[in-house]
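K.L.:
Sequence:
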Amino acid sequence: MPPGDNIFNETCLIHLVEERVSVLPDRDNIVWDKAQVHTWLLSGEEEQPHFSTSVQGRCGALKTESCAGSLQFLRSANMLRFLLLTSLACLALAEPQPRYLKDSVERVVGGEVASPNSWPWQISLQYQSGSRFYHTCGGSLIRPGWVMTAAHCVDSNRTWRVVLGEHDLNSDSGREQVIGVSRVYIHPKWDSYRVSNGYDIALLQLSTDAKLNTYVQLASLPPSGQILPHNNLCYITGWGRTSTGGSLSAQLKEAYLPLVGHDTCSSGDWWGSTVKTTMVCGGGGAEAGCNGDSGGPLNCQVSGKYYVHGIASFVSGYGCNYPKKPTVFTRVSAYIDWMNSETVTMLRFLVLTSLAALVLAELEPQPRFLEDDQTQERVVGGEVAKPNSWPWQISLQYKSGSSFYHTCGGTLIRSGWVMTAAHCVDRTWRVVVGDHNINSHEGKEQYLSVSRVHIHPNWNPSSVAGGWDIALLRLSTNAVLNNNVQLGALPPSGQVLPHNNPCYISGWGRTQTGGQLSAQLKQAYLPVVDHATCSSYGWWGSTVKQSMVCAGGGSESGCQGDSGGPLNCSVNGRWVVHGVTSFVSSSGCNAYRRPTVFTRVSAYISWMNSIMG
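Residue numbering for the sequence shown follows the working numbering, beginning at 1 and increasing consecutively.
Incorrect hints may appear among the rest.
[Said to hold, decoys possible] Below, in silico cross-link-like pairs of lysine to aspartate or glutamate (DMTMM-like), each with a Cα-Cα straight-line distance of 25 Å or less:
#: 1; residue 1: K324; residue 2: E112
#: 2; residue 1: K399; residue 2: E445
#: 3; residue 1: K444; residue 2: D530
#: 4; residue 1: K211; residue 2: D191
#: 5; residue 1: K399; residue 2: E383
#: 6; residue 1: K189; residue 2: D337
#: 7; residue 1: K305; residue 2: D172
#: 8; residue 1: K324; residue 2: D263
#: 9; residue 1: K399; residue 2: D172
#: 10; residue 1: K545; residue 2: D209
#: 11; residue 1: K189; residue 2: D168
#: 12; residue 1: K211; residue 2: D263
#: 13; residue 1: K276; residue 2: E176
#: 14; residue 1: K276; residue 2: D209
#: 15; residue 1: K305; residue 2: D269
#: 16; residue 1: K211; residue 2: D172
#: 17; residue 1: K386; residue 2: D337
What the hints contain is simulated information worked out from the structure, not anything from laboratory work.
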């Protein structure tokens, strides 16, 4: 039967896709094309197809391979939305207690129902279809406003919500918290067509912070780089299916899944080269069963506590815990640095707030130092800036493997010095000056390594409201000043700008929630909000200190840029860098009465001079 042919009877529809046959429920005798099969398969609907490599007649005679989400389906993604329980009648398991429980209750293991809220960081990720929401993946609450899950769970364009404190999906216990997802951050290297490359991790920023209590608590994450030994005790949890093609479990389940060391899991007769060092394996033999959702946690016991060491990613096409094909998880400890870079209260990338009725004043100043004095219209409101029109803007990039990736902005303030935010500098860095399009080399760029980082001594990443979010980077060699690379002008010490002073924010930040970085430098108009207003009740209140400056925060403007980047303000006809982008509201950039907050440069002139000499 050639690909695309359809055979159906009164009870089922057989469709050959990608050299496999999927058995789908008859939907009014509709002939499904390949795209429809994929869409339905990924929809998270209650019925999931089974697959077969041979057709022996009518549906009832099909010889099926049980794999509700095979390696050749799910867009070649290998990631099951719902992992399957392997029932093992003779299994005898230890019964450790997860942390946070007040009393010692015997745990139900081997794929049985978990004690309600015994894994209080477990969340249900749900998508909207029509007027209803449906469970599709698991995840872990890692900060009050952040959830960690698998990239393959959120790489479609849907409306998402997270349910915390959940135990039974079919009933409301009164303990649940239902919170919308405001942003989705997928690892930039994730490729759903190359699952074996890894990077199956995503972060969800919640529209409001979760309220921590007995039933909703934060997961503990492992130290960066930590690798657990073979057979380390772990549990997988979720509302996954309890049998091949079965219904979702209404109640949260758990199952014991001991770790399989990487040397074993990546050996030739196991997963081989499919499993990378950024992954961790669990199960894979007759000694264990598993049950859970993709995106959900692998909870591992270390020194008497439970840590989330894995994110459920994929299983063999032959099912969960097929011999020598253990369940594969994203290894959380391989991504701690990336998560920290995304979840710090100060967003690395500010998000453009689209305002359909926005009418901005046609303010068209030119940044200083440009040879062409002719006034040209600037592209504002988050649009692309004129190339090198902010010639002091730099791209701060970190190294991962053999490549560098943009993460923050900054300002060239002396030939050998860059000013940025303290929360931006925690890796191996380089600075690119004279850049406009970060995806192409135009010949104007200068690539300079960082020889020394000076973070303000009072900076405390655990107390953002304390201020001091400023750092200086000493370059290994001086930048060569020219038409495309020039120095940012700094204000006099102590200068404070008036309310509504015109300013621009610039950077390569994201242009939409969860979107990709802008390749080209963008800019947006952001007027100053004076301190008396910004620190008043109903605005930022006491969070904003005298050493900060606010801009935006109302329906009159949007903003776009990178943390660490400049707030360029017009003062007496010239552009002066008055702010270092620091943080925004968790509700987004320019939420009503929550303007973007910048480190006020004029408060740190003396400190900078003492460092630079």
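K.L.:
Decide, hint by hint, whether the structure agrees.
P.N.:
Status of each hint after checking the structure:
no., hint, result
1, K324 x E112, "holds (23 Å)"
2, K399 x E445, "holds (18 Å)"
3, K444 x D530, "violated (37 Å)"
4, K211 x D191, "violated (34 Å)"
5, K399 x E383, "violated (28 Å)"
6, K189 x D337, "holds (14 Å)"
7, K305 x D172, "violated (29 Å)"
8, K324 x D263, "holds (13 Å)"
9, K399 x D172, "violated (47 Å)"
10, K545 x D209, "holds (23 Å)"
11, K189 x D168, "violated (35 Å)"
12, K211 x D263, "violated (41 Å)"
13, K276 x E176, "violated (37 Å)"
14, K276 x D209, "violated (34 Å)"
15, K305 x D269, "violated (33 Å)"
16, K211 x D172, "holds (17 Å)"
17, K386 x D337, "violated (33 Å)"
In this structure, the hints that do not hold are numbers 3, 4, 5, 7, 9, 11, 12, 13, 14, 15 and 17, in rising order.
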